[in-house]
Amino acid sequence: MRTFDQKWILFGLVILLSGCGGGGSTVNDEPENSEAFLQPVSSSAELEAAIKSAFTTPRPSDPSPTTDSSAAGFSSTYTQEPNVDEFDTVRYDGEYLYVAPRRYVGCCFLADEPATDGSENTGTPAQSSIRIMATDATTGDVQVTSSIPLEENVTVQGMYTDASSLFALTATAYYGSYGSPWADLSVYVPERLGYRVYDLTDRTMPNTVAEVEIDGVFVESRRIGDTVYIISRYAPDIDGLIFAPQTDSEIANNQAILANVSLDELTPTITINGVQRSLVDPQQCLIVRDVTETGYPVLTNITAVSVDDPTEFRNVCFNDNSFGAYVSQTAVYFSRVVALDDLGRTGTRIHKFALFGSAASYRGSIEVAGVSWRGGQADFRMSELDGALRVVTTEFTSTSGDSIDHFLYVIAEATGGTSLEVVGQLPNPSRPTPIGKPNEQLYGVRFLGDRAYLVTFERIDPLYAIDLSDNSDPRIAGELTVTGFSDFLHPVSDELLLGLGRAESGALKFELFDVQNLASPLSRGSIEIGDNRTYSEALYNRHAFTYLAALTGPDRLTIPIERIELSDNLFSSRTSLGLFEIADKETPSLASIRAVGELSIDPSLEDDQYFFSSRAFIDQEFIFWVRDETVWSANWNLPEVLNGPF
Numbered sequence: 001m002r003t004f005d006q007k008w009i010l011f012g013l014v015i016l017l018s019g020c021g022g023g024g025s026t027v028n029d030e031p032e033n034s035e036a037f038l039q040p041v042s043s044s045a046e047l048e049a050a051i052k053s054a055f056t057t058p059r060p061s062d063p064s065p066t067t068d069s070s071a072a073g074f075s076s077t078y079t080q081e082p083n084v085d086e087f088d089t090v091r092y093d094g095e096y097l098y099v100a101p102r103r104y105v106g107c108c109f110l111a112d113e114p115a116t117d118g119s120e121n122t123g124t125p126a127q128s129s130i131r132i133m134a135t136d137a138t139t140g141d142v143q144v145t146s147s148i149p150l151e152e153n154v155t156v157q158g159m160y161t162d163a164s165s166l167f168a169l170t171a172t173a174y175y176g177s178y179g180s181p182w183a184d185l186s187v188y189v190p191e192r193l194g195y196r197v198y199d200l201t202d203r204t205m206p207n208t209v210a211e212v213e214i215d216g217v218f219v220e221s222r223r224i225g226d227t228v229y230i231i232s233r234y235a236p237d238i239d240g241l242i243f244a245p246q247t248d249s250e251i252a253n254n255q256a257i258l259a260n261v262s263l264d265e266l267t268p269t270i271t272i273n274g275v276q277r278s279l280v281d282p283q284q285c286l287i288v289r290d291v292t293e294t295g296y297p298v299l300t301n302i303t304a305v306s307v308d309d310p311t312e313f314r315n316v317c318f319n320d321n322s323f324g325a326y327v328s329q330t331a332v333y334f335s336r337v338v339a340l341d342d343l344g345r346t347g348t349r350i351h352k353f354a355l356f357g358s359a360a361s362y363r364g365s366i367e368v369a370g371v372s373w374r375g376g377q378a379d380f381r382m383s384e385l386d387g388a389l390r391v392v393t394t395e396f397t398s399t400s401g402d403s404i405d406h407f408l409y410v411i412a413e414a415t416g417g418t419s420l421e422v423v424g425q426l427p428n429p430s431r432p433t434p435i436g437k438p439n440e441q442l443y444g445v446r447f448l449g450d451r452a453y454l455v456t457f458e459r460i461d462p463l464y465a466i467d468l469s470d471n472s473d474p475r476i477a478g479e480l481t482v483t484g485f486s487d488f489l490h491p492v493s494d495e496l497l498l499g500l501g502r503a504e505s506g507a508l509k510f511e512l513f514d515v516q517n518l519a520s521p522l523s524r525g526s527i528e529i530g531d532n533r534t535y536s537e538a539l540y541n542r543h544a545f546t547y548l549a550a551l552t553g554p555d556r557l558t559i560p561i562e563r564i565e566l567s568d569n570l571f572s573s574r575t576s577l578g579l580f581e582i583a584d585k586e587t588p589s590l591a592s593i594r595a596v597g598e599l600s601i602d603p604s605l606e607d608d609q610y611f612f613s614s615r616a617f618i619d620q621e622f623i624f625w626v627r628d629e630t631v632w633s634a635n636w637n638l639p640e641v642l643n644g645p646f
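If you're matching positions, the sequence shown starts at 1 in the numbering used here and goes up one per residue.
Bear in mind the hints are in silico, worked out from the structure with no lab data behind them. Treat the hints with caution; some may be incorrect.
Dumping the calculated EDC-like pairs for lysine to aspartate or glutamate here, alpha-carbon to alpha-carbon at most 16 Å [as the list claims (entries may be wrong)]:
1. LYS585 with ASP555
2. LYS437 with GLU479
3. LYS585 with GLU458
4. LYS437 with ASP494
5. LYS437 with GLU458
6. LYS585 with ASP514
7. LYS585 with GLU495
For clarity, every value in this text was computed on a predicted model and none was experimentally measured.
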């Protein structure tokens, strides 16, 4: 594998951005930095001109990366980062389940309506309300406490809950996580998103506190403390406008239309409890410095909402495209694919916005070689520790015999906090050993404190253990080669790592790694599940993975399992919830993973053999399994006895 003496482009600028919707604007007192990629908007006219310029300037298409073919009494929603909550369609607080209706299958049609493309819809009828269900962890009983009705055109993308409120993120459509589809601007024009907040002081009668609609498409959200951050995308929907015009006639067409278009028509609105206002304050937005190179007729918005007062908000926007977003406790990082040179090499542009309660502050931008974001669980390729971003990228090349290079960068704010810079990377001239053998793809990635674990695969599975204790000198400390690969990595303890992926046979596989000696990781055993037709949602969605760390005794975990079976030349699908335990984690040399059993639904009780979403929660000796919107329960020690449906 080639090593790469990386050359990077540094951009930087600081501007404290707050004040939209909930207080006065903040004046930008920072000196202008001519090297910054994003610059603050100085007036409404400048923002209007920037948006219009994106409709009247030829722009090359975005490059696409080349590819080859918690110790507690109950478990809750799995998250990438501690203290950074993630929205999901099912929530559990140890007493109540909150189950949102599954209105949309993918992005295209309602589950209880015909498919828009004319194909047959086999989904089961969807619920029309958010159900609040009381649970009894001593008996496994589940009872509906109340229901929150929703209009027919409202889809719940996910929820946050606490002791006194439910925060539901809504949208008219959802196109999934950031990734390559976001390169096509037309897919999200026009749509609406929003949120509903309910007072749960009396769960038998939830009370609506706020009902909000926003122009644009919902793409991501996180909750940190009492602030919910909502990331959305907006592109103007004006009759006759041509996105990414290329010819003189297309440019002339757009210029004629835009001559009579105001800024209000080019920016999104927000409607709070029936009162409409602008989402965007031009003084709280940034624009690209060189619109001829990178301008987009799109605004990416970061909207901060306080759970304590959800009728107030603060919004920051910028007019660059983004394919990915990673959120730490202190910052949000946006990434997108860019062309690095005229030779077809691709890279990743990263923008950093620091988060301070309801305020977001632009801290700078940078471009590095390789692509980081391609959807799925790729946000695990980024992690922040003590203000430094660690990111893994992949570059596909035309090198004979070795067409894939992987890089690891440590990126920090430069002195003074006005730009971003690479402070460490792998490989480098001092440490030229490549990450991965020739032609190996990158699968599971997990940053844990000052360590990183990377799994690459072509025919075998090398697990790389990387020491990040010195940001300026990251190093490959050790590696382990086993068969198969891991898509998803979970920390059992500081000394044990669990991998979920596939065995050499193609079956699902759990592998337990002993990483107490970083220089010499070991396997402590594996379990294969099914065959090469066996699948689990947890491979690509961490919320389908349930883990409960025990204070004493074995840790418990579950994953949904879907088996495709062939009988009489007909394929059928059987779904279950697999139960597993990790024993002796206190002594890594003795630790092991074992299968306990499966929750399996009698086919006669299933409305549909296919399901789209599985969530499970472990509370004391019971498991509550939510399969789409239907709830089942079982005792951990008697998984064959299923209670429900509820």
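Now the hints, each set against the structure:
1. With a C-alpha separation of about 8 Å, the suggested pair LYS585 and ASP555 falls inside the 16 Å cut-off, and the hint holds.
2. A threshold of 16 Å between alpha carbons decides the hint, and for LYS437 with GLU479 the separation of about 11 Å falls inside it, so the pair holds.
3. Taking the CA atoms of LYS585 and GLU458, the gap is about 30 Å. The hint is violated against a cut of 16 Å.
4. Taking the CA atoms of LYS437 and ASP494, the gap is near 27 Å; set against the 16 Å cutoff, the hint is violated.
5. For the hint pairing LYS437 with GLU458, the CA-to-CA distance comes to about 8 Å; that is within 16 Å, so the pair holds.
6. At most 16 Å may separate the alpha-carbon atoms for a hinted pair to count; LYS585 and ASP514 meet this at roughly 10 Å.
7. With a C-alpha separation of about 8 Å, the suggested pairing of LYS585 with GLU495 holds against the 16 Å cut-off.
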